[in-house]
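S.K.: Given next are the chains, with one letter for each unit.
Number of protein chains: 2
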Amino acid sequence: MPEGFSFSAVASGIKKEALDLGLIYAEKPVQGAGVFTSNLVKAAPVLLAQGLLAKRNAFRAILVNSGCANACTGEEGLNDAQEISSYLAQKLNCLPEEILPASTGVIGERLPKEKIIEAIPPLIEGLSPDKYQDFAKAIMTTDAFPKIASRQIEISGEKINILGIAKGAGMIAPNMATMLAFLLTDTSLAQDKIYKILKDTVDKTFNRITVDGDTSTNDTVYLLASGYKKKIEDRNIDSFKKALYEVCYELASFIVKDGEGATKLVKIKIINAENENRAVKIAQTVANSLLVKTAFFGEDPNWGRFLAAMGRAGINFDPNKVDIYINEIKIVENGLGTGKESENRAHLEMKKPNFVVTIDLKQGRAEAQYLTCDLSYDYVKINAEYRT
Amino acid sequence: MPEGFSFSAVASGIKKEALDLGLIYAEKPVQGAGVFTSNLVKAAPVLLAQGLLAKRNAFRAILVNSGCANACTGEEGLNDAQEISSYLAQKLNCLPEEILPASTGVIGERLPKEKIIEAIPPLIEGLSPDKYQDFAKAIMTTDAFPKIASRQIEISGEKINILGIAKGAGMIAPNMATMLAFLLTDTSLAQDKIYKILKDTVDKTFNRITVDGDTSTNDTVYLLASGYKKKIEDRNIDSFKKALYEVCYELASFIVKDGEGATKLVKIKIINAENENRAVKIAQTVANSLLVKTAFFGEDPNWGRFLAAMGRAGINFDPNKVDIYINEIKIVENGLGTGKESENRAHLEMKKPNFVVTIDLKQGRAEAQYLTCDLSYDYVKINAEYRT
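Line by line, the protein sequences give chains U and F. Just remember that our numbering sits 1020 ahead of the position in the first sequence, which is counted from 1. Just remember that our numbering sits 1020 ahead of the position in the second sequence, which is counted from 1.
Some hints could be false.
A pair holds if it fits inside one copy or across any two, identical chains being indistinguishable in the list.
As the list claims (entries may be wrong) - Straight-line distance between alpha carbons at most 25 Å, and here's what the computed SDA-like set of lysine to any residue pairs gives:
no.	residue 1	residue 2
1	K1301	S1058
2	K1350	R1130
3	K1382	G1094
4	K1224	G1334
5	K1251	P1166
Worth flagging that the hints you see were computed from the coordinates, not collected in a lab.
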């Protein structure tokens, strides 16, 4: 576990299903960076955090609540988030600006400020380096399981730790919401690189998953680096990036696996594309197609749907050159089906809980992948329930 | 009914559910125009028709088959379509180039050419001006009902008829597929205007509906003008355009109403936008959001989902100015919820089979609308069934 951090979690009664306040605390100021939702409609904690990160790069704590997104709450919502940070800062003996907020839950309702403030003293009392699992549970909403991933790498004889904790099960869940991830490490990074490293990693992991194609108002990924271990030098940066990617990729897979109602985790892999952006765009369109996702649920290698989704991605390619595989089974060669026998074999592959759809464009050398899940009855059930 | 056309339909045994060959025949060459799928992957009949329409503007017949899309079938698929047209032309005593093809059904399978050719003689024998309903039934796939709309307008004392027949229930249905529409009129139009009139009308009607956001490889709209009545002069063109729009809008609503598994027909209306394109983009994103569509199914005025979908449309607007209505009930004012009481009233409006979501951006004077439906268990059921 990365040194320099403690965790805590309490139930303040905002929601019944789980604990609902989580705190990550750093003993001394630590480096921080954040990547946020691209949605034009941004929740109050996102707006507050973006303001903080624009001005400073040292932080002491992350406070997360589940049950209420504090989104579409206007000026009052911003004030609520600020008041809670001020109270926490006073109790932690730090500046309000050193606290990064995150919220997930219903949009359009005010935070239960008093309840949260009441819960802060026991939250602080409970701080401990071992309580990261409690924290992971506290931030869950419709999540079926807590999401934790970690890596240890050795650089110049020193062991460096990365811990990641995430929540998310639908881009915006019914009552609850959002994808949040908290990445902690005990090294430090060049200040001018930390944001870029985080952003690049998020773009290749959390930004390449889909459950329902919707983007939350609250999506947030924070990276805190405590600096207990030696700073990462430029020549070792790739080892660090690789480990951070692995942690993020694992958390991203957990989110899709836990997709609302999902029964399959499917990797859409585009190979031999002209460039990476085009590969991403095609992968994304296939990954979000309702007809593709229902075909996954039906375990049907209905490749016409894959090609039809690719064709509306807005990217030029030659349909008559495309090969498509389900795991190792080739079901399309040069744009034509390879026959019933291979479809039957592909159908068997699709009975597995995880499989890969590989699409070969034969255009160039770039590739990209996207993680998605199937669309089941339960997705509709979870999301169609009336909120009250 | 427009003069100069006859219809016929027969079952050739391609599919069991309905008749599966439909023919529209014109006694003498008639003006024709077509608008096709924007999907890069285009079915053989679409490629064939695009080639014909690029070279000529007079036609004698439209031949439609349901059960097989003849898409992703390569050179052989094109040859199949051409051979069928040649045989039909010989029997009708016209040129193969005077026949416009359309197909809907499974992607990736060859047309049962012999069966279709065998069915052509009885198809021709059956031709009659009264059989348009049989034709409408023959082209159905997962459609629950045949889709027919018509208008009669009077121009300079002469009665002009427009008849529209369509099929479609999902953009690409499970086994079956596609949106097809056939528009017939007994007037004629300036040759340099006919395509533009059709294209503009399609853009505002069939291109502003969604069931699942997928675009078929086979989507086709044909307009044939027999010229039995006086030609439409420029000063009367708006009356004709209005009537054509109404026919297309009515057919488009039927398609959404018949959306696979749909229980609600919802109009998303964006008002006071900066320009029409931006209004369309926002309406489209809201209309396609799974979370919005499941909220419709759940009759839940979950306006946070509407705002969140708008926010990812890639269009700039001020979330703090937005008002949202369900029918006449205002549920959002200046980006904030108007309270539980109005939500409860909106919930009652959403129990109706049709309702309107109006979104006021307060940016400018442009507006646009999009028709969508809810996402139900049955959509998943219909689309997740294994094809065999």
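S.K.: Now tell me, hint by hint, if it's right for this structure.
M.R.: Status of the hints after comparison with the structure:
no. : hint          : result
1   : K1301 / S1058 : both (16 Å within a copy, 17 Å between copies)
2   : K1350 / R1130 : between (53 Å within a copy, 19 Å between copies)
3   : K1382 / G1094 : between (50 Å within a copy, 17 Å between copies)
4   : K1224 / G1334 : both (21 Å within a copy, 20 Å between copies)
5   : K1251 / P1166 : neither (30 Å within a copy, 70 Å between copies)
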